[in-house]
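Chain A is already provided as a structure; the job is to place chain B on it using the hints.
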Amino acid sequence: QKEVEQDPGPLSVPEGAIVSLNCTYSNSAFQYFMWYRQYSRKGPELLMYTYSSGNKEDGRFTAQVDKSSKYISLFIRDSQPSDSATYLCAMTFTGFQKLVFGTGTRLLVSP
Amino acid sequence: DAMVIQNPRYQVTQFGKPVTLSCSQTLNHNVMYWYQQKSSQAPKLLFHYYDKDFNNEADTPDNFQSRRPNTSFCFLDIRSPGLGDAAMYLCATSSPGISNQPQHFGDGTRLSIL
Chain A
344 QKEVEQDPGP LSVPEGAIVS LNCTYSNSAF QYFMWYRQYS RKGPELLMYT
394 YSSGNKEDGR FTAQVDKSSK YISLFIRDSQ PSDSATYLCA MTFTGFQKLV
444 FGTGTRLLVS P
Chain B
10 DAMVIQNPRY QVTQFGKPVT LSCSQTLNHN VMYWYQQKSS QAPKLLFHYY
60 DKDFNNEADT PDNFQSRRPN TSFCFLDIRS PGLGDAAMYL CATSSPGISN
110 QPQHFGDGTR LSIL
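Each protein sequence line maps, in turn, to chains A and B.
FYI, the numbering for the first sequence is 344 to 454, going by my numbering.
FYI, the numbering for the second sequence is 10 to 123, going by my numbering.
Just chain A, same shape as in the assembly (with noise of 0.2 Å):
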């Protein structure tokens, strides 16, 4: 078993749909939450992180966390067709030392 699972996907969604991105990890230490996006031939830009559980907004996206259930998530409101990339979630334990990543979705947003 992954210590972090993610659906590869592809997921494809219409323009202004809102869309949902989640993980699912087994190891309960993990302190630290994370999503990147990914853009082909470009390196993981970082959207949003957390500390614990609880949620994060910022503009279209949403971070929650749900320590108890072991599961992570990203929603886009409004999403738009520049949202087309991959999105990896990524986790660690204290000092942001080792990120463990899950395998990354992509998604595609049509116009």
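Think of the hints as simulated: they come from the structure by calculation, not from any bench.
Note that the structure is a prediction, hence the values are computed from the model and not measured.
Which stretches of chain B does chain A cover? Using the computed rule of at least three CB atoms under 8 Å from a CB of chain A, they are:
#, region
1, 47-58
2, 110-118
Dumping the calculated EDC-like pairs for lysine to aspartate or glutamate here, alpha-carbon to alpha-carbon at most 20 Å:
#, chain 1, residue 1, chain 2, residue 2
3, B, Lys47, A, Asp350
4, B, Lys53, B, Asp68
5, B, Lys53, A, Glu346
6, B, Lys53, A, Glu348
7, B, Lys53, B, Asp71
8, A, Lys441, B, Asp60
9, B, Lys47, A, Glu348
10, A, Lys441, B, Glu66
11, B, Lys47, B, Glu66
12, B, Lys47, A, Glu388
13, B, Lys53, A, Asp350
Simulated DEER-style distance windows between Cβ atoms:
#, chain 1, residue 1, chain 2, residue 2, range
14, B, Asn37, A, Ser371, 31 to 39 Å
15, A, Thr437, B, Asn79, 21 to 29 Å
16, A, Glu388, B, Asp60, 22 to 30 Å
17, B, Gln50, A, Ser369, 16 to 24 Å
18, A, Lys441, B, Ala95, 22 to 30 Å
19, A, Lys410, B, Pro78, 39 to 47 Å
20, A, Lys441, B, Ser31, 17 to 25 Å
21, B, Gln50, A, Ile361, 24 to 32 Å
22, A, Thr437, B, Lys26, 38 to 46 Å
23, B, Ser121, A, Arg420, 35 to 43 Å
24, B, Asn37, A, Thr437, 17 to 25 Å
25, A, Lys399, B, Leu123, 43 to 51 Å
26, A, Leu389, B, Phe63, 20 to 28 Å
27, A, Gly402, B, Lys53, 29 to 37 Å
Using N, Cα and C, we set each Cβ at its ideal position, and we do this for glycine too.
Below, chain B without anything else, positioned relative to chain A:
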């Protein structure tokens, strides 16, 4: 404003010919990382420097080495590249501790092996 800069963006080398990839940062972060990412896979950590302290992952092949001459620069050396080393190589930085900054990535160097 690029904060983690990797050069070159694309590198082609011959089988067995040593190659060096470079990374520089303007964030003054004390930790620098090198990841290998193959197509449709998650980034895989090769090693990292915490200041001058080098930390190798247990499964990183001996063929991969790194140097960090100062805070701003870090190099990845592949001594004898094989076909299986063709990948995107990502550099990242972070500043754990008080500021607790998460990792920021460069745009990577895509390495091809002929």
